[in-house]
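Protein chains: 2
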Amino acid sequence: MTKKHTIILQPSGRRGQVDEGTSVRTAARELGVDIESICAENATCGKCMVLVEEGRFEKYHIDSKREHLSPVGAAERDYLQRRPKLLKEKGWEIGQVRLSCQCKILGDVLINVPEESRGNKQIVRKSARERHIEIKPAIRKYLVSMTPPNLERPIADWERLAKGLETSMRLVRGAEAELPRWHELTIDYQCLRTLSKTLRDSNWNVTVSVWQDKEVIEVQAGYVEDSYGAAVDIGSTTVALYLCNLRTGELLAAESEMNPQIVYGEDVMSRIQYTIEHPDGLEKLHKAIIGTLNKLLKQAAHTAKIKTSEILEMVLVGNSTMHHIVLNLHPKDLGLAPFVPAIHESVDIKARELGLHINASGNIHVLPTIASFVGADTSAVILAEEPHKQDENWLLIDVGTNAELVLGNRKRLVCTSTPTGPALEGAHVEYGMRAAPGAIERVHIDEKTLEPKYKVIGVEGWNTDHAEFKGQVKGICGSAIIDAVAELFRVGIVDSRGRFKKGLKSKRIREGENGWEYVIAWAEETSIGRDIPMTQQDVRQIQLAKAALYVAARTLLKRSNLQTPDKIILAGGFGSFIDKEKAMLIGLIPDCELNKVYAIGNAAGDGARIALLNVEKRNEIDSVTRKVERFELPTDPDFQNNFMLATSFPHMNEPFEHIAHLIPHRTADPMAKNFMK
Amino acid sequence: MTKKHTIILQPSGRRGQVDEGTSVRTAARELGVDIESICAENATCGKCMVLVEEGRFEKYHIDSKREHLSPVGAAERDYLQRRPKLLKEKGWEIGQVRLSCQCKILGDVLINVPEESRGNKQIVRKSARERHIEIKPAIRKYLVSMTPPNLERPIADWERLAKGLETSMRLVRGAEAELPRWHELTIDYQCLRTLSKTLRDSNWNVTVSVWQDKEVIEVQAGYVEDSYGAAVDIGSTTVALYLCNLRTGELLAAESEMNPQIVYGEDVMSRIQYTIEHPDGLEKLHKAIIGTLNKLLKQAAHTAKIKTSEILEMVLVGNSTMHHIVLNLHPKDLGLAPFVPAIHESVDIKARELGLHINASGNIHVLPTIASFVGADTSAVILAEEPHKQDENWLLIDVGTNAELVLGNRKRLVCTSTPTGPALEGAHVEYGMRAAPGAIERVHIDEKTLEPKYKVIGVEGWNTDHAEFKGQVKGICGSAIIDAVAELFRVGIVDSRGRFKKGLKSKRIREGENGWEYVIAWAEETSIGRDIPMTQQDVRQIQLAKAALYVAARTLLKRSNLQTPDKIILAGGFGSFIDKEKAMLIGLIPDCELNKVYAIGNAAGDGARIALLNVEKRNEIDSVTRKVERFELPTDPDFQNNFMLATSFPHMNEPFEHIAHLIPHRTADPMAKNFMK
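In the order they appear, the protein sequences are chains A and B. Just so you know, we're using the working numbering here: the first sequence kicks off at 1 and counts up by one. Just so you know, we're using the working numbering here: the second sequence kicks off at 1 and counts up by one.
This is chain A alone, in the form it adopts within the complex (with noise of 0.2 Å):
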């Protein structure tokens, strides 16, 4: 078996065991941290510079004792031989840079990957799955020569072209394949009028890219292999784009953004308010995140060495909101009760409506909503997943400030949504933080000394093991957050209700400004000067959060009569880094077998690039979607009561077998005996 190596990169935090002899720059990679390079690796662009921070390879030296990294080669003592000026104006020690397509891992390192250097400014994480897509992209080439015309046969230049292109279909396509007559084809106008130029440039020999076996939008002079798509997944934070080969379905670049409209209001609800409270509101979301695709295609493109106007296709995904802002629908009514979308049919728009800067001709693919909270997003997390195709009943959940749900198998699938507020990202409460270097990561918590211990994104180890840790934490992240609820539960501190209990023998428990606490950091662990806490407010707000999530969760279930679903799939960056048994611990999901809960990162993304590279499979989440059953959860008689009863820890009235060991003790809530039968 191949020798594993930990790699951390720097300042992402992100890390993960890879392979001995793995580059660096491809460890980056498979760890969602992209560096660029334009020289193919061939240490000539100097685009993958890193700084090696601890274990790398000193004095040139083959025999060190520390050999970590490979030794520099010829290739690359050159390249960076030659810049001493660029070294100096960085700073940077020329036995501290490397290239990192060149270097190769051998030992445990930590990575500082310079800001000029980042591939993607954002982290965006892959599937944990590999899953094997079939390419079917919407567009095809086909080489079409044509005899020109004289004066014997004088027929106009498209029906030239669309003669041509019926006989090349079939020859490519062979005679089993369903083809249009060539009357039957059309020809996008804005293409059309740059047709008879081309055609005579290219001496009547062209590459004609056909959208769906019926439209022509690109006619390019010569021979021309390749076409380009961009699948993008709009998230309310961050939005990902992913430029690929629509021929061979190479990924050629992963570029992010934070979403721009974030400025007019962090969450959905608040921008959809700011749409209702201002008349230009709209106009202003939608341009603000127009200009970011553009920005993205732009900065793709130039990584991939391609022209925007190569990129023939684009799939959108992004929630209901998101997608109504993105398509300049306005998204009022999504906010409003009975919170009713424009449209859940996918749609095909060109680019051009919209102002995004692809070829001119080029469409836009934005796949199904399924509800006012349950958008394309969702449609292409079940792309990624396919729960439709499943004997097994599984659970699809995506956290984020509001998580939607869907569950089920081949025959049937529900969905639903809910409000988690902010919480479980670590905002809302006193020191949360976003996941990012300094944030504490993991808490654990000693049930006899009621001590800490805690992991921190950018440190290897947990902070007893080493003392440099002082002064490194910043705040707590969403992970750590229900660790550390999780925690104080399980250790007896807070009781099933979350109420902190008083009288326990521990300097760490006491009453804070803002009621009962318990410190995790102290002051002088943090560079924040202050003592790091999770208060009673803190466990409140996460109580909120996990009820929500749970009554929905539990809500489906009973909807399908289960009493639990055979598979938990944990969608989005938030479910990538929880502890599972913490989070089932606190009720956060439903009961079920630990292995199999799985964290699957940004499904989303994935199955927008599967709907960019497989057009079947856009008719195929049509037809998912249009038989998935929506419930909105106030429409239930109950909902408030059974919202109060899962506030408990896991819960007042379930048996949570699966981690029952780690219960501490159950008080019998009479008020509880009927939630949810």
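Hints were generated in silico from the structure; no laboratory data involved. Take these hints with a grain of salt, some might be off.
For identical chains, the list gives no copy identity; a pair is met inside one copy or between any two copies.
Stated by the list, open to error - Capping the alpha-carbon separation at 20 Å, the derived lysine to any residue pairs in SDA-like fashion look like this:
1) K350 - A360
2) K163 - S346
3) K197 - D638
4) K197 - R140
5) K350 - R434
6) K136 - M269
7) K136 - S346
8) K332 - W204
9) K214 - E184
10) K350 - R193
Remember, predicted model here, so these are calculated numbers, not experimental data.
With chain A fixed as given, assemble chain B onto it according to the hints.
Okay, now just chain B, sitting in the frame of chain A:
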């Protein structure tokens, strides 16, 4: 039988016989002169005021001897007497002004339609042939009433509408109609943008306009019965727009304007040249025509008292050059050998792509072109006349500066085109002018005295009938030029080769500055103070034009193995005014029974209207034009020789049985014997 009276309309010079009792406004409309009215002929808007030049009903006295118009009634008198200031401003006398909707014709009258009353600024001739057009528009309206969404059934607006629409369509169209399922329906993006608001504002009761049974292009609150469409014929000289009710087929307005491209070139070749020589040439020409179309749309909507946004579709026809320019396709290759259009097939395109101001989701349908100089206007003529449904062989000729010819029957259609030059339209002839008041339009020469008589547009009778003619003549228009040349040949002043004979005894035949000439009008009869002759040069111009047309017709006949056509149909304004016998005498058209020669006026406009009102006709003409065989004349090896031979009157080597009695003498030409055999 109803008594008939003559009405002459100034300044257009249009005249005709109408039934006694017809209102002047109705009579004018029958003669192709639209007079405005927005009060539904209630004598309240005053838009239809006309000036009675001759034959007015004087002294408001019903027993007058000169009762050419019905007396002024109470409503009309009310209107006129209350507006002394308006009449004074215009310099009109109260006894001279009438409301044309109120006064009925009781005798012959000469009416002046002032600029402000004219419904259309140019004469738009209507087809002489009555045709029943079955109304099957591309757009149909359906009333859809929906149950408003609630929390139990919060499906999206579009799906709610589409499901309701599917039901409505099936109810209205019957079980036998092939109709799409709701999820096969689409909605235009611009229409989708306002959908949610319209549904709520209308309380979920809307009228939905569906294009081609598949795309929703408009959703209006409540019940709306009518929708509108425009049919447009873009001629090189005149642009004519017909606004129709798509439900009833009723013509609501007919507007026309000069084609503004005329400042960039009189004919299509010079405009093509302009686009080749000027980088922004196409853009200028394109913007000019789009501007004019928008102006006409506005005018027509005003006339019909509708909004331009209620116009849901537009059908465009025009020659290939006009077709390319309005579509913003470069016409370069239309003008350069081998003369190839960018596209033959019909085009459907969103009006917004072209900046045409109809409904934002409305479509433009452009009829197919057939060849470089056989355009969508010819397709429209075919659609209007239907040679493809005949057993007889029909020859369709549309004459302008370019002549387009189609020959054939249900089995086969062949077409060609030929440049005829502007001589047939009165240009490049010394005193030639367009058909307008003051133009000589008919000429007759006495075979014994060699003295002429003539008719002038805007004046009744022959000049020899009365003395008032003096000082009226301004020039000679196309129909009289053909008359004059034919008459010069018939009476023997010019020979069959077009040469003036010397030594004839007439003061009218003389050697002028530019060679021999025949004086039609003496200086004192004209308003220009100069003799108006036909010169040798003028005769030569006509010879070239008629030879081109004749060779074209003969080529088609030869390719179809025909000696003569069964019927000749002259389309366009020119054909409506020529004397068929004279045209045949000079060999402008092939030999044919005279009562089988028809002039049908603006058949292209009729064809556009047919395509607008009956969507099945679009498929019909698409399929017919795909099969029309095109011949380019210059590819015929004998073209030059045939052309030279065809310059003689009526033709060197053709019998011309039907006008043989008019041919004065025949010189056998040994070179001619193999003409086109």
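Consistency of the hints with the structure:
1. Taking the shortest alpha-carbon separations for K350 and A360, both the intra-copy value of 8 Å and the inter-copy value of 15 Å come in at or below 20 Å.
2. When the C-alpha separation of K163 and S346 is checked against a cutoff of 20 Å, the pair qualifies only between copies, where the shortest distance is 16 Å, while the shortest distance within a copy is 31 Å.
3. For the homomeric pair K197 and D638, neither the shortest alpha-carbon distance inside one copy (68 Å) nor that between copies (33 Å) is at most 20 Å.
4. Taking the shortest alpha-carbon separations for K197 and R140, neither the intra-copy value of 22 Å nor the inter-copy value of 39 Å comes in at or below 20 Å.
5. Taking the shortest Cα distances, K350 and R434 never come within 20 Å of each other, neither inside one copy (37 Å) nor across copies (47 Å).
6. Taking the closest pair of Cα atoms, K136 and M269 never come within 20 Å of each other, the shortest separation being 37 Å inside a single copy and 47 Å across copies.
7. For the identical chains of this complex, K136 and S346 are intra-copy neighbours only, at 18 Å inside a copy versus 31 Å across copies, given an alpha-carbon limit of 20 Å.
8. Within a single copy, K332 and W204 get their C-alpha atoms only as close as 52 Å, which misses the 20 Å cut-off; across copies the closest is 17 Å, which meets it.
9. Taking identical chains as interchangeable, the C-alpha atoms of K214 and E184 lie at most 20 Å apart whether they share a chain (7 Å) or sit on different chains (17 Å).
10. Taking CA atoms no more than 20 Å apart as the test, K350 paired with R193 passes in both settings, with 16 Å inside one copy and 15 Å between copies.
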